[in-house]
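Visitor: Turn these sequences into a full structure, and let the hints guide you.
Listed below are the residues making up each chain.
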Amino acid sequence: MTTDISTITSVDNGVNVTALFGARESLQQVPEAAQFKWRASCEWLNGTHSRSAIGSFFGLGAEQNRSRTFTVEADHPQVFASEDNAPTPVELVLSGLASCLTAGVAAVAQRRGIQLHSVKAVLEADMDIQGILGIDDEVRNGFGAIRVHFEIRADASEDDIKAVVAQSQKRSAVFDIITNPTNVFVTVN
Amino acid sequence: MRFATTVIIGAGQSGLAMSKHLTARSIDHVLIERGEVGNSWRTERWDSLRLLTPNWQSRLPGYAYEGDDPDGYMTMPEVVSYLERYAKASGAPVQSETRVSRVHRTDTGYEVTTDRGLWRCRTLVLASGACNVATVPALAAGLPRNLANLTPMEYRNPDTLPLGGVMIVGASATGVQLAREIKASGRRVVLSVGNHVRLPRLYRGRDIKWWMDVTGIMDVRYDAVDDLDRARRLPSLQLIGTPERVTIDLNTLRRAGVEIVGRLVGLRDGKAQFSGSLANHCMLADLKMNRLLASIDDWIRVTGQDEMFTNTGRPESTEIPAETPLGLDLKDGTISSVIWATGYRPEYAWLDLPVLDRKGRIRHDGGIVDSPGMYVLGLPFMRRRKSSFIDGAGDDAADLAAHLHSFLGLQRAAA
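These protein sequence lines map, in sequence, to chains S and P.
Here the first sequence stands for residues 43 to 231, numbered as in this note's numbering.
Here the second sequence stands for residues 2 to 416, numbered as in this note's numbering.
FYI, nobody ran anything at the bench for these hints, they're computed from the structure.
Computed from a prediction, not measured in an experiment: that's the story for all the values here.
Any given hint could be a false lead.
Some chain P residues flagged as far from chain S (calculated, every beta-carbon gap over 10 angstroms) [stated by the list, open to error]:
1. T6
2. D29
3. P71
4. Q96
5. R233
Pairwise CB distance ranges, derived in the manner of DEER restraints [what the hints assert, rightly or not]:
6. S:Q71 <-> P:R100: 35 to 41 angstroms
7. P:A139 <-> S:A95: 34 to 40 angstroms
8. S:D126 <-> P:S318: 39 to 45 angstroms
Heads up, the beta-carbon is just placed ideally off N, CA and C, and yes, glycines get one too.
Guide: This is the structure:
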């Protein structure tokens with residue numbers, strides 16, 4: 043896709059594409075600085091209720107401290123005999139996927155000179171809970187499938203909007219985390 | 002020790018095109034060829050392969066196809082004899098059966114060590130090709146040992162494979178062609194699909210390569226694209242050259258019984274794991290195809306030729322069944338071989354010069370290598386989109402021969 047600078051500058055999705063491109067260029071010179079570490083800590087509250095704290099991360103060769111620490115709670119709903127104090131972890135996964143793809147849509151649209159008016163994503167995932175309940179070993183614990191539906195209003199053709207969403211998936215970290223295997227190492231004390 | 006002003010390594014289309022231009026400029030040179038003219042086409046391709054470009058498009062400087070089937074696609078023996086005739090017609094000074102083992106810099110240029118003696122030269126042209134070795138991903142190491150494990154450079158035809166099913170990794174030109182042929186031989190074929198580019202063989206009555214040529218897409222220069230790195234990494238087009246001019250895509254392969262799965266992302270405990278990103282890869286390919294076809298439609302409209310080229314509509318979208326498997330048991334005996342159609346790369350083990358980047362790619366600006374008087378030819382999108390095609394060798398060689406000529410002049414003036 044070709045876009046001239048004048049369209050790019052008149053479009054504002056609130057994404058600083060110039061800064062992102064600058065970062066991409068400098069990281070090509072110093073690939074070591076591209077090595078990041080993301081962190082979260084989590085504490086059990088009661089029952090299935092827990093609270094995660096998310097603060098500093100490592101990147102660009104240094105510790106990156108934020109001005110504040112975010113907290114995210116999770117619980118299970120009453121049909122699982124829980125208190126429903128917060129969303130379930132699997133719903134947070136859906137939220138993570140939606141937010142990642144939505145951020146990507148804004149960035150790609152900005153880069154392509156497409157003004158967005160509204161972006162809404164609706165997600166639904168299938169799960170056979172015979173897996174997590176240990177009823178049937180052949181049923182996996184996780185999602186059988188995830189469906190994401192975007193409603194996007196923007197100054198662009200239908201195919202150009204679809205291309206923005208497709209490119210967002212291609213460059214999405216959470217989409218990759220969900221669609222591809224990852225080694226997980228858990229230690230105790 | 003022998004001397005030539007220019008040594009060209011490789012006598013395929015690129016080396017021969019360069020030779021033609023150097024001869025026209027009276028620059029003495031030699032082509033050093035490890036085998037015979039067109040060696041890669043001769044020895045490193047499977048039996049049924051035909052060029053993906055039509056015969057008329059195998060244009061070389063001062064030479065063109067003159068047979069009676071301009072829209073056909075050459076078999077490998079036909080490509081080889083085409084290049085042989087060109088080498089003869091242009092009087093290219095080819096030293097065949099000569100293998101280069103080392104190239105290094107001297108005070109006045111380069112020294113080329115071969116198994117048939119030493120050459121010295123002032124300028125050097127690397128025309129040894131973009132596809133010397135097949136790229137195999139690191140995860141291939143996790144493959145169960147009882148499976149046959151081969152690259153397309155080793156594959157010849159379905160009969161040479163062990164009995165049983167085949168998993169083909171990669172769905173660009175090579176992967177889709179092998180899937181079609183091996184499925185047709187009556188075997189189970191699983192095709193693992195990542196990033197790919199699909200195009201119909203014919204559009205609005207003409208070969209897609211004709212459209213890409215006539216609309217100027219193939220002539221786009223390397224300094225005119227947004228993201229050159231990405232353009233250079235683009236996978237080869239899902240195309241096949243057949244006398245029937247058939248289109249090959251994931252829909253036709255699925256209908257033929259090929260099992261389409263996502264990108265191979267893991268091999269663990271004898272099981273292959275596939276990515277859940279297949280639907281998006283197919284969507285990206287469909288959108289990309291439609292953008293190209295729309296640009297052809299625009300060209301036809303703007304040039305007022307709508308009546309000449311009837312609009313036959315767009316190819317159907319790629320269909321991805323919801324039940325696409327995410328894993329494949331490689332130990333249950335149904336799959337007996339794996340073919341890595343995961344790309345090719347040049348090989349420069351003999352190049353004793355600091356001209357490679359951290360990924361082993363040669364550092365160059367449109368073929369002008371980061372070393373005085375050194376050039377490279379035939380790499381993907383090197384100077385133009387057509388650089389790695391037979392049809393692209395001529396224009397690139399003309400540009401670089403001109404640069405080389407003025408380099409020699411400057412060197413002489415400085416001496």
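Visitor: Taking the hints in turn, state whether each one holds.
Guide: Status of each hint after checking the structure:
Listed as outside the interface, T6 of chain P is consistent with that label: its C-beta sits roughly 37 angstroms from the nearest C-beta of chain S, beyond the 10 angstroms cut-off. The claim that D29 of chain P is not at the interface with chain S holds, since no C-beta of that chain comes within 10 angstroms of its own (minimum 41 angstroms). The Cβ of P71 of chain P sits about 33 angstroms from the closest Cβ of chain S, beyond the 10 angstroms cut-off, so the non-interface label holds. With a minimum CB-CB distance of about 40 angstroms to chain S, Q96 of chain P clears the 10 angstroms threshold, and the non-interface call stands.
With a minimum CB-CB distance of about 14 angstroms to chain S, R233 of chain P clears the 10 angstroms threshold, and the non-interface call stands. Under the hint 35 to 41 angstroms, the C-beta atoms of Q71 of chain S and R100 of chain P, about 37 angstroms apart, fit the expected range. Between A139 of chain P and A95 of chain S the Cβ separation comes to about 36 angstroms, which falls inside the hinted range of 34 to 40 angstroms. Evaluation of the 39 to 45 angstroms hint for D126 of chain S and S318 of chain P yields a pass: the beta carbon distance comes to about 41 angstroms.
The structure meets every hint from the earlier list without exception.
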